[in-house]
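Engineer: Residue numbers (my numbering), protein chains in the order written: chain A, 10 to 252; chain B, -8 to 135; chain C, 375 to 682.
Below, a list of computed lysine to aspartate or glutamate pairs in the EDC-like style, where the Cα atoms sit at most 20 Å apart:
1. A:Lys204 <-> C:Asp671
2. A:Lys229 <-> A:Glu240
3. A:Lys106 <-> A:Glu146
4. A:Lys204 <-> C:Glu634
5. C:Lys598 <-> C:Glu636
6. B:Lys47 <-> A:Glu30
7. C:Lys477 <-> A:Glu240
8. C:Lys548 <-> A:Glu131
9. C:Lys448 <-> C:Glu414
10. A:Lys112 <-> C:Asp594
11. C:Lys477 <-> A:Glu236
12. B:Lys62 <-> A:Asp32
13. A:Lys106 <-> A:Asp22
14. A:Lys246 <-> A:Glu54
15. C:Lys477 <-> A:Glu67
16. A:Lys229 <-> C:Glu447
17. C:Lys477 <-> A:Glu235
18. C:Lys640 <-> A:Glu197
19. A:Lys229 <-> C:Asp483
20. C:Lys475 <-> A:Glu131
21. C:Lys474 <-> A:Glu67
22. C:Lys598 <-> A:Glu197
23. C:Lys474 <-> A:Glu131
24. C:Lys598 <-> A:Asp90
25. A:Lys184 <-> C:Asp594
26. C:Lys488 <-> C:Glu447
27. C:Lys477 <-> A:Glu58
28. C:Lys378 <-> C:Asp452
29. C:Lys378 <-> C:Glu514
30. A:Lys184 <-> A:Glu165
31. C:Lys477 <-> A:Glu131
32. A:Lys112 <-> A:Asp90
33. A:Lys106 <-> A:Glu57
34. B:Lys62 <-> A:Glu25
35. C:Lys407 <-> C:Asp515
36. A:Lys229 <-> C:Glu480
It should be emphasised that the hints constitute simulated quantities derived from the structure, not laboratory data.
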Amino acid sequence: MPIHEKSLIRPEDLTEHEALEIDGVDVSGHWSTFIETRVVSDYNERMEEEIAALPGGEYIHRCWQCSACTNVCTVNDLNPDFNPRYWIYLARMGFEKELLRDKDLLWQCVSCHKCTHACPREVVPEGVMKAMATWAELKGHTAVSPSASFDAEFTEQIVATGKIEEGRIIRGFFKRTGQPLRQAWLMEMSLRLAKHLPILMGIKMALAALFRPRTRNWGKSQAAIEEYLVERDAANKRALNLD
Amino acid sequence: MIGVNGMRTMAELEARLLTRDAALTPVALADELLDLCEQILCHWLSHKQVVPTEAKVEGFRLLALHRQGCKGEPSFNACRESCRELAYYYNLLHLEPEHPQITSRMAMARAVAMHLCLFVGGKFEVPELGDDCCSSQALRAGAA
Amino acid sequence: MSEKYKTVAYYPGCALEGTGHGYNRSTKAVGKKLGLNLVEVPNWNCCGAMEVKNIDPEIQNYLSARNLGIVAEKMNVDTVMAPCNGCYHNLKKVEHDIAKKPKTQEVVDRLSQKAGHATYQAGQVETIHALDWIKDAIGEDGIRARIKNSLKGLKVANYYGCMYTRPRNIFPEKDQGPGSESTYKPHYMDDLLAAAGAEIVDYPLKTACCGGAHTLADSDTSTKLVLNLLQTAEVCGADIIATECPTCHSGLEMHQVRAETEHGIKTNVKMLYFTQLLGLALGISGRKLGLQENVSDARGLLKEKGLL
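Chain A with its partners taken away, still in its complex shape (with noise of 0.2 Å):
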């Protein structure tokens, strides 16, 4: 498989002119393509750290560029500017104008591990993903991603009651990002289903729509997971000095 990687150099970086002789050579037009000179000045020293202290990204600092994350990637696959070894560079280079060029494809991680299972550096890419595209969120990069939409749903409602019903998750993702419940896709599955399935099963999956299953004695578990998270999400916002 070859190494995908990204070209440094991009149009809005390179600069023509319309007559041009250098040293007595007429160069006009494209022959006097030039990368422009850029001075950076706005690095973000604190980075690196910021993005260590969120959930997922502890490791960020193991790194040494091989590529082999972005060299498995599924999403890179699917779009070459998913770049997980370049994000981490700008990362841990302060480079935080750089990286928020991409910052609407940060939440875009399928969490399919090929990255940590080839990572020599026990990086834990797939982490640091989810802990770049936290920290895009928290600072107000971006709005909530449909990812975090859906892993807040799922989490509440374990929280709640110690497990998930599918249906509901599915009605709460839809509600909380402004989607009509009623796709033409999920429609025609439904009625692929309810085809064969039986009427008994139905009637069970109603039930667990309307009873949702728990778990029993939950409660004490409940306070305790809501006590640490209010704790953690403190912490994560004071290490990128939100508070």
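With chain A held as given, fit chains B and C onto it using these hints.
Structural biologist: The following block gives chains B and C in isolation, referenced to the frame of chain A:
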């Protein structure tokens, strides 16, 4: 192509390059290739109705002719490296005619000259040849 | 038959009570047929799947530690079996983290104390997947000896997904030489279904990702990934994709429908849980295996092949 001022035609120049005369010494080959290539660039300049210069740049008339050639037509810069490479081989063959790798150097010099001949010959037929500079790829992709 | 895994704690998880119900039924039916006892973990909780860790990984660890703690304290077994890759992965993960990361032990201790139950200690319980369970307790020879209805002529691609093998560090028993499971080319399902008579096709995407974590959050990505899995299986000549994870299974089913309704790309390969296939070979009825509960309805194909 008709000869100008006693010059050989493009077809004759190409034919001469293709003979790969084995009798030539390294120095004689260097001299002949430089002469042939200067004539090739003169053809281009005559085609552009420019009088070929007798001046030299960095010791080579070939490089001065190239400068003239790309004036107003920067796409002619596509053969800049070929011209400079030929100058390099000219120097190599003159300075170290006894070098152990002389056979390969002579072959390279011939190949570079042939490359220049093909580019300029092609330029007569297809004016767009050399229009794309690879470093501007990103910009051209954006424009397309 | 060895006594290994004769009786194990059974952790079905939430998906097996919902969309993966057919997997639940067929796992129980196959266990019963093979004389293996499943004792459901009493009052279990959700493992947090792939979501809770993004809020906080230690909470996710606590969730699985609570389940393992119940097995250790309240059940007279030393092994817990989870058929769902997500559950299996998370139980393995806490086992690893609690042994290697002091912070995990600290958080799990603290939350367990607050919640008023015993804390799980590393090494108390062994976690296995449904594949390990049948492979180690019965084995290929055991399956061969019990076949009533060979799967001969059925071309099967085995799909293991992500969480069964990755990341390797939480599966210390894998990649241990001949006989052990491989994280790069897992083969337990291949072995069992081949023993049941199925023709196993060479399927290069065994451990590719179906986008299950973003099935709803990023449906377009999931559809692309699933379509690739389905089309590749068809190119490889498979009639059936055998699955061993409810999230993968329902992901494949959902996005097969989505590819058809949203993009007009129809694929005909069917999905069945490996326990449903094994069950058929062992002579269990399709109804008891929950074939009717799958969205991707393979019954027509199975009838055609004389298996129903």
